[in-house]
Structure formats: structure tokens, C-alpha cells
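Line order of the protein sequences matches chains A and B. The opening position of the first sequence corresponds to residue 1 in the numbering used here, with each subsequent residue numbered one higher. The opening position of the second sequence corresponds to residue 414 in the numbering used here, with each subsequent residue numbered one higher.
Think of the hints as simulated: they come from the structure by calculation, not from any bench. Predicted model, so just to flag it, every value in this text is computed and none were measured. Treat the hints with care, as some may be off.
[Said to hold, decoys possible] Here are a few chain A residues that sit away from chain B, every Cβ distance over 10 Å (derived from the structure):
#  : residue
1  : Ser39
2  : Leu98
3  : Arg108
4  : Glu197
5  : Arg223
6  : Ala238
7  : Ser257
8  : Pro365
9  : Thr379
10 : Ala391
[To be verified] The calculated lysine-lysine pairs, modelled on PhoX-like cross-linking and capped at a C-alpha distance of 20 Å, are:
#  : chain 1 : residue 1 : chain 2 : residue 2
11 : A       : Lys74     : B       : Lys611
12 : A       : Lys313    : B       : Lys726
13 : A       : Lys387    : A       : Lys358
14 : A       : Lys47     : A       : Lys74
15 : A       : Lys125    : A       : Lys47
16 : B       : Lys800    : A       : Lys103
Virtual Cβ for every residue (Gly too), placed ideally from N, Cα, C.
There are 2 protein chains.
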Amino acid sequence: MLCASICTIGDEILIGQVTDTNSGNIARALEEAGIHVRSMISVGDSKEAIEDALHRELERSSIVITTGGLGPTKDDITKAVLARFSGSKGYREDPGQLEMVHKILRGRGLDVLPINLAQAQVPEKAEVIVNRLGTAPIMVFRSLLGKSTLYALPGVPHEAVGAIPAVLEDILAHFKPGSIIHRNIMVYGMAESALSEKIAPWEDALPANMHLAYLPNTLTGIRLRLSSYGGDEKSLEAQLEALKEMLGELVYASEDSTLEAAVGKLLKERGETVSAAESCTGGEIAHLFTSVSGSSAYFLGSVTSYAVTVKEKVLGVPAVVIRDNGVVSSEVAAAMAEGVRRLTGSTYSVATTGLADKDGDGQNPGGTVWIGVSGPRGTRTVKYCYKNDRARNIERFAASALNFLRLYIENRI
Amino acid sequence: MLCASICTIGDEILIGQVTDTNSGNIARALEEAGIHVRSMISVGDSKEAIEDALHRELERSSIVITTGGLGPTKDDITKAVLARFSGSKGYREDPGQLEMVHKILRGRGLDVLPINLAQAQVPEKAEVIVNRLGTAPIMVFRSLLGKSTLYALPGVPHEAVGAIPAVLEDILAHFKPGSIIHRNIMVYGMAESALSEKIAPWEDALPANMHLAYLPNTLTGIRLRLSSYGGDEKSLEAQLEALKEMLGELVYASEDSTLEAAVGKLLKERGETVSAAESCTGGEIAHLFTSVSGSSAYFLGSVTSYAVTVKEKVLGVPAVVIRDNGVVSSEVAAAMAEGVRRLTGSTYSVATTGLADKDGDGQNPGGTVWIGVSGPRGTRTVKYCYKNDRARNIERFAASALNFLRLYIENRI
Chain A
1 MLCASICTIG DEILIGQVTD TNSGNIARAL EEAGIHVRSM ISVGDSKEAI EDALHRELER
61 SSIVITTGGL GPTKDDITKA VLARFSGSKG YREDPGQLEM VHKILRGRGL DVLPINLAQA
121 QVPEKAEVIV NRLGTAPIMV FRSLLGKSTL YALPGVPHEA VGAIPAVLED ILAHFKPGSI
181 IHRNIMVYGM AESALSEKIA PWEDALPANM HLAYLPNTLT GIRLRLSSYG GDEKSLEAQL
241 EALKEMLGEL VYASEDSTLE AAVGKLLKER GETVSAAESC TGGEIAHLFT SVSGSSAYFL
301 GSVTSYAVTV KEKVLGVPAV VIRDNGVVSS EVAAAMAEGV RRLTGSTYSV ATTGLADKDG
361 DGQNPGGTVW IGVSGPRGTR TVKYCYKNDR ARNIERFAAS ALNFLRLYIE NRI
Chain B
414 MLCASICTIG DEILIGQVTD TNSGNIARAL EEAGIHVRSM ISVGDSKEAI EDALHRELER
474 SSIVITTGGL GPTKDDITKA VLARFSGSKG YREDPGQLEM VHKILRGRGL DVLPINLAQA
534 QVPEKAEVIV NRLGTAPIMV FRSLLGKSTL YALPGVPHEA VGAIPAVLED ILAHFKPGSI
594 IHRNIMVYGM AESALSEKIA PWEDALPANM HLAYLPNTLT GIRLRLSSYG GDEKSLEAQL
654 EALKEMLGEL VYASEDSTLE AAVGKLLKER GETVSAAESC TGGEIAHLFT SVSGSSAYFL
714 GSVTSYAVTV KEKVLGVPAV VIRDNGVVSS EVAAAMAEGV RRLTGSTYSV ATTGLADKDG
774 DGQNPGGTVW IGVSGPRGTR TVKYCYKNDR ARNIERFAAS ALNFLRLYIE NRI
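Looking at chain A on its own, in the form it has when it is part of the complex (with noise of 0.2 Å):
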């Protein structure tokens, strides 16, 4: 199996300033192509940390990507200890890297700086391919420790995305990975455990080359994956029917997606619209809907109304229903979604009143929403209580709102 370890170099990793996301981004992009990550590790801006996390990376596997350490500030010393860890006697200037510094520093309108151009300097062992997204190049030392490959990336997360085909490209030109082929399907509405116990018998009759893996995630809920190792495709589908079968309702997806792109499908296979109005998610439904490209084909718009004026203003919820029931209630869930769905014309509007932190409001504990989904066939809410933080249960009742409207859109509800 060809193995791959991925190296990311950076202080303000280590200290958690910065959410390590280019391993992740690199990592799946290795796995589809077959070759198996044995790990990842993260170092500081040290010269011993790197070179022995390089020492032992380079042991264990024929490939190891490195990550970050690449920029023009003094903190940044990857490409000295690369020079010095390749046995390099020196450095050159590179061509390729060096026009590009000029073009992306007059495409941003800035002065070219001698720090810039240092960018182009190269340890005399390293091939450079070019980064057509920053300054600093991609490098690549081939036969470290005699034997593994090492791609020097730039930790800047676009720029680390951005190289990845143009490395996958020399990686197959010079190495045969295996196969390893992976499905998904994407699961919301049931806890893991109980998941667990319910497709149990199934998971136990697996062939020995197959296995489940569960992928929790408030947003998304739950992500099975079924890998197989060298087996063949058409057994895997197979397997995969029977437990979308056995799940049902539950199913939102049959590929790696999310709930506002399986509900962004639906719409769109139907020519459909929808809209929403939100008060304790504020903000955060439009942004999923509009996270997922293509979306103005089916998504109209949204009125975050946080506050008690814009619901009766705006969407226009009675000031009598407000008193009555409370703002955070079935009856204001529902006006607020009949109000958006009024005001923009959408096929089905989505709706949420709660609240997101922990205390209450003395009718209703933090963490409760009423959730509100109109269209054609009417009018239908269902309240939720959540025990996290705010930013948690923001996300649990945007993915539970989208869950709602994907049952009515789907005719289950």
C-alpha cells in the first residue's frame, strides 16, 4: 500500500490560534486517489520539531507532504531547514516563481519588495512547481533518507488547496497507489448508538475487505461510510442498497453532501423556491442555502428578524399572537414562516424562533426552537430543546430546520 504521512509546520497551530484545515484538504484528496494516509502531525516553526518529525515521517512513508513555514516573515524557516535537510550547497533563483511574484503583486496593485523576491529563492535541491496563488513555490525533494519524497506546500489554505492537482499529478507520474474505494450516506434524525444497534446484524454479516466507519457532525448528522479495499464496486453498491433500505426516511443523501444541498436538489429537480425567516438562527439558514453554489436558482431570500419590531414590521406576525403565545412559540414559528412566504412568493418558506444560549426565558429553557415550515399543502411546526452553547445549538437548529423542510418537501410530514 503506498503510504503517505502529511507534515504541517506552525506555531500558531500548536498554540490552537489556527484550525488546521489544508491536512483534512490534502488527506481526502491522497485517499481518492488510493494512496492511504498514515498520518498527520503538526510542528512548530523549530528547527529540531521539523527535522524530526521529517525524520520520522520519512521512515515510515515513500511520500510526506509538508505544509506551511513558506511565507516572508521572519517566523517562517521550513525552506532553511529543507535546504539543509536535503543536503542542498546552496540557492537558486527560480524563473517560473519569480514572474509570478511580479504578476500576483501588480494584480493586487502593491510594490514588489526585496522580501517578495526572496520568495523565489530556491533551496538548489528542490524542483519547483509553480503557486500561481501566492508568492511562495511548491517544492518537491525527491530521494530524502535515500528513498521518500517530500512536497513542500504553502500553509496559506487556498494556496495549500490550489497545489494539490498539480502534486497528485507528480505523485501518480512517479508511484502506483492502490485501490481503496469509499461510499457515503448521509443520515439525519437518530443517535449513534441507536443507529449502531439498529443496523447491527447488517454491519456483523459484512465481508472482511468492507468496513462501516460513523462520521458524527451536528451540521450534517450523520456521514456512514462504507470503504471497500480492493474489492469490487459492484458488491459495495450492493451492500450500500440494502441499509439505505433498511434506514428509510432517514436517508437524506446517497454521496457525501450536506442538508442544504440535499434540500437545494430537491428544489431544483422540482423548479421549486424557497425562503426563510429567522430569528434565534439568525442569518445562519441563508447562509447555508447560499453556501452551496447555484442556489439563486431556488433560494429567494430570508428576513433575519431578531428583533420583536422586525417580526411584526417586516413579516408581519400579529403583535396579538406575540402576546398571547410568547415569541418564542408554535403560533409565531408559523406566522413567521406564512409572513416570508408571503413576501417573497416562494413555494415553501422555513422558519425558526428560539434561544440559542443557555438561560431561558422563563417559559422556555435555553436551547429550545420552535421551528416553522409552510407551503402549499400548509402550515406545520415542531419545537426541539438542545443542552449546548450558543454557537452549537445555533447550528443544531439550522440543521434541524433544514431536516423539517426536507420531510414536508419530501411529503413525509
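Once you've looked at the hints, dock chain B against the given chain A.
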């Protein structure tokens, strides 16, 4: 220096399906307590990989914290590996965690299944810290390899975060950390390399025990972190003041913060309010505002006007303004900002209209955004053009809009 390693366990991280946020959260807490994080490593759910990583990290660090692999499902094997690794002869039932398993499942209205009860079984050599947020216990193994302590935390992010205070308390009862002081300032509106050139003379003259790190992030601009190793707080603060003086209006906060929190703080101090009208940012600005606890004091609401009819009907943007100038224009941004301010009665308002995707609309290239801010001193607009993918463009649009609003409130534009 007291050193720690963090080890996350789980196939889902190695294949890039889940981003590891636990390591960052744990690292942040350790650093604040003066414990240096030496490295972070992620390995899969395999006995060999876990044992290899534990050996490597326990040799190098006095403290190793693992997360993950403690779930009730078949793919989770961390507990079995730790039982063997610690030389435990068998398992015992932990009464505290058993009680918690019953309590948690009862609270969720679920039956207690055998698979849940097994969660309260721990290796004989493990001490237990009860996990109040989930069924998997937090386990402590002392004197591994004769010298180091291992804390095994659950992988579910909010459970891992919830475990940190108790783990820190245990660490501080058994170890004595050194002193590191960090201070942050937040900067928006200048590229990293230009910033570096601007402050180079000051940075070069820093005492040897102080270190500056650049932590760029789309949403927050650049975080500058000044660290002092074993030094006094007073000299650190003096250096920080000098740095802030140099950077002027680029600085939007004097602590680790975000643009939305900084704007919220300004509004709260002044007893003023804000609303938003969003087209291309699709709810992101509202989401950022409302992600701050207590934001209902100043954030009245917003309209996401994705469809042109919503811009006209809800925000009152005259059809002729759209026809004459196009949707992506200074005039429409201004009319949207004025419309939502009129609708909500807020002190200020902010509006965006632009193209988040890479494709242009014939008149404007993809990545173009017009931002409008309206308030007691009239309306201002500004245009930016970014060259990123959809998700990143939306983030930058929202951050630029918040910064433009900040400059208006601070009377700088």
C-alpha cells in the same frame, strides 16, 4: 519546559472527512496554562498506528492527550489499545460513569442498550474523570513508559472541549508549568508582506525573549501575536503599545477578537444599533453578528435579498435604480443599505451586492462586491474585487463589509 503532545485517533480525520478541531481547542487551553505543545499527531483506528504514535509521543512529552476512538461502535478501538499498552489485567466498571450513562440516555428519552453500558467499563489501570456530556469516560493513565501521563478524551468535539477544565485541573495538581505570556492585536486592511515591511525596524529591535507571529485569517484579517518567554508583563505591554501606535486605524481590537465582536463592542458602548441587507453574502453578515452572545442588544435584523423582487419589494430599491446601474453597483448597495435602515429603524446599516462565484455578469468580473454603509452622517459605498472561490469570496465580502462599517462608526470615512 513542561511539554505536551496531542494525539487524535480516527480514520475519519486521516481520510479528511472530518476536520480536527479538538487539537486546537486543547492546545489553546494548554498554552494558556503555560504548557508547551510540542506536537500534534493524527492516526487511524489501527492498533499498530496508535501504539507507534503513543510510544513516540510518550518518549518526548510528559503529558500526552488523546482524543477519539472511545465511541460505542465497532470501529473504535482506543480503549482496548490503552488497556494493553498500560498493562491492565482486565476491565472494571466505573460507577460514576455508569450513573452518567443512565442519566444521559434517560435525558434524551432513549433506552439503555448493552452497547451503552459497555461504555462504563474501563481498563483496570485507568483512573476515571466522569464525562458529563457523553457516555465515554475520560481516562487517566499514569507512569506510562515509567514517566509520562496520558489523558484519553472522547473525540466528539463538544465532549472533548467539555473535558478540558477537569484535565487541566489534574495536570496542575501533578505538574508545574513555566510561564509564557501571549498578547494579540487584530489588524484588517493590509497584506502580510507589506505589514511585515512596515514594522520591520520595531520587530528587529525586540528583546530576545519576545517573539512576534503573523496569523492571517480571511475573516479576522491578521492576528499579530506577541509572546514573552519567562519575561514580565509590563515590558510586553509596552512593546504592544508601540506596535499599536505604528499601525493606527488598521488595528480593530487589542485582544484576540473578530470583526463582528469588535463592531458589536463599539455599538454596545454607544447604545446604537445596526441592521444588514445582504445579497451576495447571503446571510453571512447576519450570522456573524448573531454568533456573538448578547448581540440582540444592537443587531435588529437583516434581509437577505437574493432575488431582485425581494430587493424591490422588501427593501424598496427602486426598479429604475437597478435597471440603470445594474444589480452590482454603488447605487444599489446604497439603496439597499438605506432601505434596511428605514425598515428596521437602526442607527447604522450595512449592505452587500456582488458576484460570489468566479463568473462575471458581463459588466463586472466574478469576485466583485459593492458595499454600502448608511448612518446618521449619510451613506458611503466602496467596491472590492477578490479572486477566490465562492466560499472564500463570501467570507472576504462579509469581513470587508464589517470593516467598512467599523471605519464609518469610528468616524474615519
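How the hints compare with the structure:
no., hint, in the structure
1, Ser39, "violated, 5 Å"
2, Leu98, "holds, 15 Å"
3, Arg108, "violated, 7 Å"
4, Glu197, "violated, 5 Å"
5, Arg223, "violated, 7 Å"
6, Ala238, "holds, 21 Å"
7, Ser257, "holds, 12 Å"
8, Pro365, "holds, 12 Å"
9, Thr379, "holds, 21 Å"
10, Ala391, "violated, 6 Å"
11, A/Lys74 / B/Lys611, "holds, 13 Å"
12, A/Lys313 / B/Lys726, "holds, 14 Å"
13, A/Lys387 / A/Lys358, "holds, 7 Å"
14, A/Lys47 / A/Lys74, "holds, 13 Å"
15, A/Lys125 / A/Lys47, "holds, 19 Å"
16, B/Lys800 / A/Lys103, "holds, 14 Å"
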